[in-house]
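Chemist: Sequence:
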Amino acid sequence: MTRQQDIESVAEIRELLSRAGLRTTAARLAVVRRLQRTKSPLSHAEVAEELVPLGFDKATVFRNLTDLVDAGLVSRTELGDHVWRFELRDPEHDESGQHPHFVCVDCGGVTCLHDVEMPKTAQKSWTKVGKVTEILLKGHCNTCATH
Numbered sequence: 001m002t003r004q005q006d007i008e009s010v011a012e013i014r015e016l017l018s019r020a021g022l023r024t025t026a027a028r029l030a031v032v033r034r035l036q037r038t039k040s041p042l043s044h045a046e047v048a049e050e051l052v053p054l055g056f057d058k059a060t061v062f063r064n065l066t067d068l069v070d071a072g073l074v075s076r077t078e079l080g081d082h083v084w085r086f087e088l089r090d091p092e093h094d095e096s097g098q099h100p101h102f103v104c105v106d107c108g109g110v111t112c113l114h115d116v117e118m119p120k121t122a123q124k125s126w127t128k129v130g131k132v133t134e135i136l137l138k139g140h141c142n143t144c145a146t147h
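Taking UniProt numbering, the leading residue of the sequence shown gets 1, the next gets one more, and so forth.
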């Protein structure tokens with residue numbers, strides 16, 4: 001990332017936070033930038049691992065993750081292991097910003113499935129049981145399946 005792209009990114013984050021009604025703080029900027037650089041949801045511990053050495057404590061990181069979730073900028077998901085994971089919402093893929101995830105039952109790797117769309121017939125049948133808030137697929141990733 002060039003310095004100019006970095007500056008533009010900070011300006012975009014400031015605008016995003018402002019539109020969500022949040023103040024721009026160094027911790028919020030750091031948390032959002034960390035979430036921008038990942039392709040899969042991160043736990044609080046994974047985010048804190050990078051940000052604590054920069055001077056942010058774990059409680060501050062967690063508070064900011066929670067604030068971003070409450071503001072609708074970040075999704076929080078639990079993938080069956082009792083660990084919350086966080087990722088930036090992507091409203092371009094879905095108005096809710098949610099998408100299915102694939103979890104490898106061998107290595108625990110998490111993959112976002114942005115391009116997976118559920119058939120309308122399946123969506124209609126869900127209304128019989130309630131409101132679906134997330135879809136989680138489990139299996140063996142390509143790496144683990146070949147070993």
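No lab work stands behind these hints, which were simulated from the structure alone.
Just so we're clear, the structure is a prediction, and the values are computed from it rather than from any experiment.
Keep in mind that a hint or two might mislead.
Below, computed lysine to aspartate or glutamate pairings styled on EDC-like, alpha-carbon distance capped at 20 Å [said to hold, decoys possible]:
1) 39 x 50
2) 138 x 117
3) 131 x 50
4) 124 x 134
5) 39 x 78
6) 39 x 57
7) 138 x 70
8) 138 x 106
9) 39 x 90
10) 39 x 49
11) 128 x 12
12) 39 x 134
13) 39 x 117
14) 128 x 115
15) 138 x 81
16) 138 x 115
17) 131 x 117
Cβ pair distances, simulated, as ranges [what the hints assert, rightly or not]:
18) 19 x 81: 30 to 36 Å
19) 109 x 21: 21 to 27 Å
20) 26 x 143: 34 to 40 Å
21) 113 x 66: 37 to 43 Å
Glycine residues also receive a C-beta, built at the ideal position from the N, C-alpha and C atoms.
Chemist: Are any of the numbered hints broken by this structure? If so, which, sorted upward?
Modeler: The structure breaks hints 3, 6, 7, 11, 14, 19 and 21; every other hint is satisfied.
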